[in-house]
Every structure is written in structure tokens, then in C-alpha cells.
Amino acid sequence: MTARIKVLIVDDSALVRQALTEILSSDPHIEVMAAASDPFVAAERMKECVPDVITLDVEMPRMDGLTFLQKIMTQHPIPVVMCSSLTDSGSETALKALEYGAVEIIAKPKMGTKQFIEESRVRICDTIKAAAMSRPRPLAMRATHTVTPKLSADVIMEKPTTRAMIQTTEKVVVVGASTGGTEALKTFLEMLPENAPGIVIVQHMPEHFTAAFAKRLNGICRVTVKEAADNDSVVRGRVLIAPGNHHLLLKRSGARYYVEIKEGPLVSRHRPSVDVLFRSAARYAGKNAVGVIMTGMGDDGAHGMKELFDAGAMTLAQDEATCVVYGMPNEAVKRGGVHRTLSLQNIATEVLKLCG
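Each residue of the sequence shown is one higher than the last, beginning at 996 in our numbering.
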């Protein structure tokens, strides 16, 4: 048998602590070992038992989440998932936490429809499992507990039956990433020149956080980075990032590539889904595309990567040594959809070479 993932919840809101406890306790592979109202109480709980994962509020009295995160990472590194409210200040602080070593961000749970609550449960539990896998653990939980049917990209777009139109002079790059992807994408995009080929990205991230993430990258990269809006053109020097909680598709009209924002169910347990983006690129770009799959848990993107491969696109995967979690790239490799596996530091160079 595998050990359950022990989680310590740290949040000053009793309602949030209760909601997270109920959500996480519903998964048989997760155990809430304790819930603390602030970092000082959390530190006492950690003396009694060391958790596998900590969920950490961003803003708390007595000590804020960033300060506690820094103490954890310098004294006893443990995978930390930041739990943030959907505010501009909360989003910026949560993104800063990723630089300090947090593994992922989740939005604070709130009430909604039955479907909304169930999707939130899937996302939060999967995030905790991904965090637990982000470092070696002797009793690491490897199996995924299926709580809902795992849908494929078929629910958004039919599988392509014909090749995309003939190759043009312009290439388009499609990228998928999850756990550890925010810092991986930062490394990748910082290496690109201002006239880099048009890039479309799906990074698993909650709604509202993607705008702050794009803004942060735009301030440090030579390329222009923005959260994608419906009908945005894919052009040289521009990077479009899928908005959280929406699928993103690549489309084509004549020689012009553009994106479509679409509603729909979770695909491969995610919205946005890498599989959806990759399938659309296989259909509308084909051999004009370069596909890149980066660090992340699970297999979102693996099927789409094989479809890109079969459509004549060049496909690249991040290697195990530089991944925070070698899940998504590994699944793509196992399905035969990857031409080359490269270290994170070499992906940008290879993309530029392939795009001429």
C-alpha cells in the first residue's frame, strides 16, 4: 500500500480551512494532518509531524505567507501550494511566491454550482498530488484517484482527419506546461529575441492569475507577452497565454493565425487543456507548427503531442533532469509523439533553429 499524502492547511479564515479540509479529505489518497490559523500555529504542528505538502494563505496576520514560505525553504524545504484570493494584489504576491519556491497556486475555494464545486475539488486534489510528486518521497503516491470521467479533446474539437494546408514561411510555436511551468516558461521566454516566432501557451493556472503571470513575463522578456483574448493574432514577437478556466485553440484564416477562447468541460482534468491547444495546432498548422511540452504531472498534452507529430510538426519535450515533475513530457515520449528531448536551457535555441 502507498502512504496517504499528509497536508497541513495554513489559513487565517476558518471557512477556508473547513472548505479545504472537506475537499482534501474526500480523496482517499490525501490526509489533512492539521489546520492552522497562522504560521506560528503551523510551526507548532510541524514539530509534532512533518507534512508532505503545505497549503499556505498569502495574506495572514502576525506573519504573511511569503515570509513563512521563505523560512520553510531555508530551514526545512517542503512542497508548498499557495492558496490565494482572486485579487490583483493576491495574484501578484502568489506569483512572487513561485519565485521563492512554492510549487503551485490554487484559488481559495468558494461556493457555486455542483459542477463548479466538483471541478474545484478535482483541481485542488490534483494540485496537492502534483506537489507531493515534486520531490522524491519513499512512499510517494503514484496512482491518480479518478473522481470524474477523464474527457479527451474530442469534447472541444474533433480529431483531425486531414493534413493542414501546405507549409508556409511562418512557423507557430505551441507550448504546454503545468507544475513547475511558471518558472520553466520564464526561463524559456527570457532567452527569446524580440522577433521570435509567434507562440501560444497553455499553463495550468487558476482564473485571474494568468493575466498577472503574463504581465510579469512581459516586464522581463524581449517578446511581448499577454493573456490571450478571443481573435488575437499570432504574430512574430508576441506570446499569448491561455486565460485561466478557458480553453485556447489555434485557428487559421488564409495565412493568418489567430486564437479562439472557448468554454467547455475539463479536458484531461484541466481547463485550459494542453491537449485542446495541441489538437487545434495539428489541424490548423500541421507541419508549420513546433510543439513543446514541459514539466507537469499527469498526461495532459500527450495525446495532442502525438497528433502534432502525426501531422508533420516538430515536437520537443523537456528532459527529466530539468523538470519539477516529469509527468507530461514522459507520457508524450511514451506515446511516440516526441522528436527530441532537451534540457530546459536548450529548448529556446532549438525552437529558434526549427523556426529558421
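If you're looking for bench data, these hints aren't it; they were derived computationally from the structure.
Do not rely on the hints blindly, as some may be mistaken.
Derived pair list, reagent style DSSO-like, types lysine-lysine, alpha-carbon separation capped at 30 Å [claimed, not checked]:
| no. | residue 1 | residue 2 |
| --- | --- | --- |
| 1 | Lys1246 | Lys1282 |
| 2 | Lys1329 | Lys1181 |
| 3 | Lys1042 | Lys1001 |
| 4 | Lys1210 | Lys1257 |
| 5 | Lys1066 | Lys1181 |
| 6 | Lys1329 | Lys1282 |
| 7 | Lys1210 | Lys1066 |
| 8 | Lys1066 | Lys1091 |
| 9 | Lys1181 | Lys1103 |
| 10 | Lys1210 | Lys1103 |
| 11 | Lys1348 | Lys1282 |
| 12 | Lys1221 | Lys1103 |
| 13 | Lys1246 | Lys1103 |
| 14 | Lys1246 | Lys1348 |
| 15 | Lys1257 | Lys1103 |
| 16 | Lys1105 | Lys1091 |
| 17 | Lys1001 | Lys1066 |
| 18 | Lys1246 | Lys1221 |
| 19 | Lys1105 | Lys1221 |
| 20 | Lys1181 | Lys1257 |
| 21 | Lys1042 | Lys1091 |
| 22 | Lys1348 | Lys1329 |
| 23 | Lys1329 | Lys1246 |
| 24 | Lys1221 | Lys1282 |
| 25 | Lys1210 | Lys1246 |
| 26 | Lys1001 | Lys1103 |
| 27 | Lys1257 | Lys1282 |
| 28 | Lys1181 | Lys1042 |
| 29 | Lys1001 | Lys1105 |
Taking the hints in turn, this is what the structure says about them:
1. Lys1246 x Lys1282: holds (14 Å)
2. Lys1329 x Lys1181: Judged against 30 Å, a Cα distance of about 26 Å means the pair holds.
3. Lys1042 x Lys1001: Roughly 14 Å between the alpha carbons, so the hint for Lys1042 and Lys1001 holds.
4. Lys1210 x Lys1257: Cα-Cα ~22 Å, so holds.
5. Lys1066 x Lys1181: At roughly 24 Å apart (the allowed maximum being 30 Å), Lys1181 and Lys1066 satisfy the hint.
6. Lys1329 x Lys1282: Answer holds: Lys1329 to Lys1282 is near 21 Å, not above 30 Å.
7. Lys1210 x Lys1066: Measuring from Cα to Cα gives roughly 27 Å; hence the hint holds.
8. Lys1066 x Lys1091: holds (15 Å)
9. Lys1181 x Lys1103: holds (25 Å)
10. Lys1210 x Lys1103: It holds: about 22 Å lies between the C-alpha atoms, which stays within 30 Å.
11. Lys1348 x Lys1282: Given pair Lys1348, Lys1282 holds - Cα atoms ~15 Å apart, limit 30 Å.
12. Lys1221 x Lys1103: holds (24 Å)
13. Lys1246 x Lys1103: Between Lys1246 and Lys1103 the Cα gap is close to 33 Å, so the pair fails against 30 Å, i.e. violated.
14. Lys1246 x Lys1348: Roughly 24 Å separates the two Cα atoms, so the pair holds.
15. Lys1257 x Lys1103: Between Lys1257 and Lys1103 the Cα gap is close to 24 Å, so the pair holds against 30 Å.
16. Lys1105 x Lys1091: Holds. Lys1105 to Lys1091 sits at ~23 Å (cutoff 30 Å).
17. Lys1001 x Lys1066: holds (20 Å)
18. Lys1246 x Lys1221: holds (18 Å)
19. Lys1105 x Lys1221: holds (27 Å)
20. Lys1181 x Lys1257: holds (25 Å)
21. Lys1042 x Lys1091: The hint holds at about 27 Å.
22. Lys1348 x Lys1329: Answer holds: Lys1348 to Lys1329 is near 25 Å, not above 30 Å.
23. Lys1329 x Lys1246: holds (28 Å)
24. Lys1221 x Lys1282: This hinted pair holds, its Cα atoms lying about 25 Å apart.
25. Lys1210 x Lys1246: Holds. Lys1210 to Lys1246 sits at ~24 Å (cutoff 30 Å).
26. Lys1001 x Lys1103: Distance ~19 Å between Lys1001 and Lys1103 Cα, so the pair holds.
27. Lys1257 x Lys1282: Distance of about 24 Å is within 30 Å: holds.
28. Lys1181 x Lys1042: The hint is violated at about 35 Å.
29. Lys1001 x Lys1105: It holds: about 23 Å lies between the C-alpha atoms, which stays within 30 Å.
This entry does not satisfy hints 13, 28, going by the numbered hints stated previously.
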